[in-house]
Amino acid sequence: MTQKPNSLFVRISALLVYVFLYAPIIGLMLFSFNASRTNIFFGGFITQFGPLQMEGSTVVQSPCGPFHWFCELNKNAEVRQAAENTLTIAFVASISATIIGTFAAIALQRYNFRLKAFSQLALYIPIVIPEIVMGIGILVLFSQIFTILSGLTGARFSMGLPTVIVSHIAFCIPFVTLVVQARLQGFDKSYEEAAMDLGANELTTFWRVTFPMILPGVLSGALLAFTLSLDDFVITFFTTGPGSTTLPIYVYGLLRRIITPQVNALSTIWILIVFTAVLLLQWTENRKA
Amino acid sequence: MINWLRRNKSAQGTLLISPTLVFMIGLLIIPLILTLIISFGKRSADGNVIYSFGLHNYIRLLGVSYNCSAGQTVCYDPIYTQILWRSLTLAFNSTVVVILLAYPLAYFIARSHPSRRNTYLFLVLVPLWTNFVIRVYAWMMLLRTQGLINSALAWVADLFGRPFTPLEMLYTPGAVLIGMVYEFLPFMILPIYTSLEKIDGSLYEAAADLGANAVRTFLRVTLPLSAPGMVAGTVLVFIPVMGAFVVSDLLGGKQVILVGNLIQRQFLDARDPTFGSAASLILMALTLVVMFFYTRKFGFGEEIAIT
Chain L
0 MTQKPNSLFV RISALLVYVF LYAPIIGLML FSFNASRTNI FFGGFITQFG
50 PLQMEGSTVV QSPCGPFHWF CELNKNAEVR QAAENTLTIA FVASISATII
100 GTFAAIALQR YNFRLKAFSQ LALYIPIVIP EIVMGIGILV LFSQIFTILS
150 GLTGARFSMG LPTVIVSHIA FCIPFVTLVV QARLQGFDKS YEEAAMDLGA
200 NELTTFWRVT FPMILPGVLS GALLAFTLSL DDFVITFFTT GPGSTTLPIY
250 VYGLLRRIIT PQVNALSTIW ILIVFTAVLL LQWTENRKA
Chain Z
0 MINWLRRNKS AQGTLLISPT LVFMIGLLII PLILTLIISF GKRSADGNVI
50 YSFGLHNYIR LLGVSYNCSA GQTVCYDPIY TQILWRSLTL AFNSTVVVIL
100 LAYPLAYFIA RSHPSRRNTY LFLVLVPLWT NFVIRVYAWM MLLRTQGLIN
150 SALAWVADLF GRPFTPLEML YTPGAVLIGM VYEFLPFMIL PIYTSLEKID
200 GSLYEAAADL GANAVRTFLR VTLPLSAPGM VAGTVLVFIP VMGAFVVSDL
250 LGGKQVILVG NLIQRQFLDA RDPTFGSAAS LILMALTLVV MFFYTRKFGF
300 GEEIAIT
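Those sequence lines, one after another, are chains L and Z. With numbering that gives the first Met the number 0, the residue at position 157 of the first sequence is 156, and numbering never jumps. With numbering that gives the first Met the number 0, the residue at position 175 of the second sequence is 174, and numbering never jumps.
Excised from the complex, chain Z in its bound form:
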């Protein structure tokens, strides 16, 4: 047996990979297949699953409703398509804002003196490593009606003797966007920094020798060469925002419902696991399709390395 294993390289490889396969098949592949099977089923009266085959959950997600006003048996209910669209646009908007904020900081760190770069990077890592529920909570404190921002504004208004009505900032779509941007900003800073730092300094000298000014150098040299970092960062930001439910739950309240919230509620409150499973698979499909076309157009970006 041992001698056979010693001679058979293929068997050695299989032996080394087998524990991983046990986990990946048992806790990823089988769960995904189960989710698919359940998504065709029905909910029983006590919230359990009745196995059957029907596409009713998917039809419901696409907006076909049988609870219509008088006279109609079938009608269009846009609630779930709206939720899907909201998640998609939020993920897109968050990614754009994150790039706009991350780029100048990454650029600043990459171009600062090497002896200070580690300190600047350290300052990016601390928020990244701070637990993400805590970071959402920090924004709850800032944005609430009697929170820090309103207190500061009231103080300024008082200074000028003006009347002040507190702004309603918490439980708005804007609050959710800020929360997402704050959560995932470091995931964009690090890959952009990595790709900027790799750029050969002589390219700048060449650009300057050939008469390019600072703006032109940035647009024609720096920006294209840092694209892999932005692509990698986009993958790291877009995917988690698509599935997020904590940020929208705590900062959006009942105002901002994303696919993540829809799924979570089906499993915990509304208790229709079959519908939740269908929504979960639609979310996965949507994310994979967007990422597939995106990475096919821009490549995958080599900078996916979180440290």
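Next up, chain L with everything else stripped away, as it sits in the complex:
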């Protein structure tokens, strides 16, 4: 669709929408250099290294200068733990969901079996119902299971990393399946049939023909699952327990209490990582094209 250039009206509206998208993010990043201990107001930028006055009286040692809040963040053990949990969950959940979801996509696209219609429907549900409904369901399930287990064994059970991980796998599978299925749809079954005719068995056909064909789909499915898991708040909120706090949950907890510029420093780092990741992704895709 290349034709006449955009009119002034379109260009100005587009610019305003970009401003709407970016002004909050940029404001957030600027506040991570705030010379105030709470983020209720802007106390100017931190300019000096060494002792620092905040709110008139407090003197804070700031060997990091403008990056004071980033250094404080680095000392924060809770943040480190939350970051570690977030990454562990995202890695385990996205890899598992990618394998399981790819199998499902192949089954749905290449085979006929009795539960096909049911499977298709079940995979569709998590996409069309609000996330909170699924989160509540899983919470109800685990709390009932734990009540029964406690009654049987006398031990106490609580939510934690395992419950978060299996829940993340469950909500990522449909998205992986969707992406891989789309990829499989684009390919003719006859490639596989040709391989079989030439004497390859199912396994060889899969590894030498099907898998290389769908690999781009599998990779983008994995990437989608990884970001969905990394970003998830709702499902995690209802399945997390002591010791399995993730970064979004941690930030939410802070926002309901006191807000320090540490949260902004954390957000700034997060946004920069996302920025670099998207940039790298686009760059590799452009090179492929």
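Honestly, the hints are just simulated from the structure, not real lab data. Predicted model, so just to flag it, every value in this text is computed and none were measured. Backbone N, C-alpha and C define an ideal beta-carbon position, used for all residues, glycine too. Just to be clear, a hint being listed does not mean it is correct.
[What the hints assert, rightly or not] Think about it this way: if two alpha-carbon atoms lie no more than 25 Å apart in a straight line, the pair counts; the simulated BS3-like pairs of lysine-lysine are:
#1 Lys296/Z / Lys197/Z
#2 Lys8/Z / Lys115/L
#3 Lys8/Z / Lys188/L
#4 Lys188/L / Lys115/L
[Claimed, not checked] In silico negatives: residues of chain L with every beta carbon more than 10 Å from chain Z:
#5 Arg10
#6 Arg36
#7 Phe44
#8 Gly64
#9 Phe69
#10 Asn73
#11 Asn75
#12 Pro129
#13 Glu192
#14 Ala194
#15 Arg207
#16 Pro241
[Stated by the list, open to error] Each pair of labels, with its calculated beta carbon distance range:
#17 Leu197/L / Ile32/Z: 44 to 50 Å
#18 Phe292/Z / Gly159/L: 39 to 45 Å
#19 Ala22/L / Asp199/Z: 35 to 41 Å
Since the structure of chain L is already known, use the hints to place chain Z on it.
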């Protein structure tokens, strides 16, 4: 065994789908059935579930109350129907505003030079991939009484020597609407862009040859052909807004209570899981009904692809 599997295509398919079915049945179907069973039950004194069968939670959601003023045993308490209605109208309003903002940007990107399109799309992806709690927080900072918007306004007022009282923007319905629009805007931009980008350029030439002006071309060619993108975007925006509770919690405070907040509180603060389960199922039913009629009227839109 292996030979049997090799010959039986149906068994192969079942084997490949079985891990998915384990997860979907175990963590989706069974939880939903449990939610349904619990929604008929009662809350015990210590906040646990007593299994029984009654429709009292649903009757309560529809507004029938037994805690009435003197003399009455049954009365109408609109609090929960109001909450449901608020979520529904907010989801509708957010979707409309999101379309109005997303369309010009998607149009701009689709019609710009191909060499620049990736850069413009990249600028849409960065906010989309930034964590959504962080994005709500950004609006808290902008909207609070001593926040960035009020500081900027105070500075301007000071410049003109006018007195200035800070605007109360945080913890209002408007703040929640802005928050929702901001959260889900990229979900609308991308599908609209995809459908605009697919439009064959010769259609515009044909429209121009036949004497249509720019406005007419837009209304009769561009808009109808980009409808699938808007339909797909609507599905991606409407459903999450219906179930949202974080945006309303952080930007609406106690002023704006949505179904999501109602459900969350039943499980964490008020501790009546049976009532929360009923509310959760009503939310699901409401969303599915709206989406069913919507997609039946407009089709499902093929552009549901988030990258």
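We went through each hint and held it up to the structure:
no.: 1; hint: Lys296/Z / Lys197/Z; verdict: holds, 23 Å
no.: 2; hint: Lys8/Z / Lys115/L; verdict: holds, 13 Å
no.: 3; hint: Lys8/Z / Lys188/L; verdict: holds, 15 Å
no.: 4; hint: Lys188/L / Lys115/L; verdict: holds, 18 Å
no.: 5; hint: Arg10; verdict: violated, 7 Å
no.: 6; hint: Arg36; verdict: holds, 14 Å
no.: 7; hint: Phe44; verdict: holds, 14 Å
no.: 8; hint: Gly64; verdict: holds, 23 Å
no.: 9; hint: Phe69; verdict: holds, 16 Å
no.: 10; hint: Asn73; verdict: holds, 18 Å
no.: 11; hint: Asn75; verdict: holds, 16 Å
no.: 12; hint: Pro129; verdict: violated, 2 Å
no.: 13; hint: Glu192; verdict: holds, 13 Å
no.: 14; hint: Ala194; verdict: holds, 15 Å
no.: 15; hint: Arg207; verdict: holds, 17 Å
no.: 16; hint: Pro241; verdict: holds, 15 Å
no.: 17; hint: Leu197/L / Ile32/Z: 44 to 50 Å; verdict: holds, 48 Å
no.: 18; hint: Phe292/Z / Gly159/L: 39 to 45 Å; verdict: holds, 41 Å
no.: 19; hint: Ala22/L / Asp199/Z: 35 to 41 Å; verdict: holds, 36 Å
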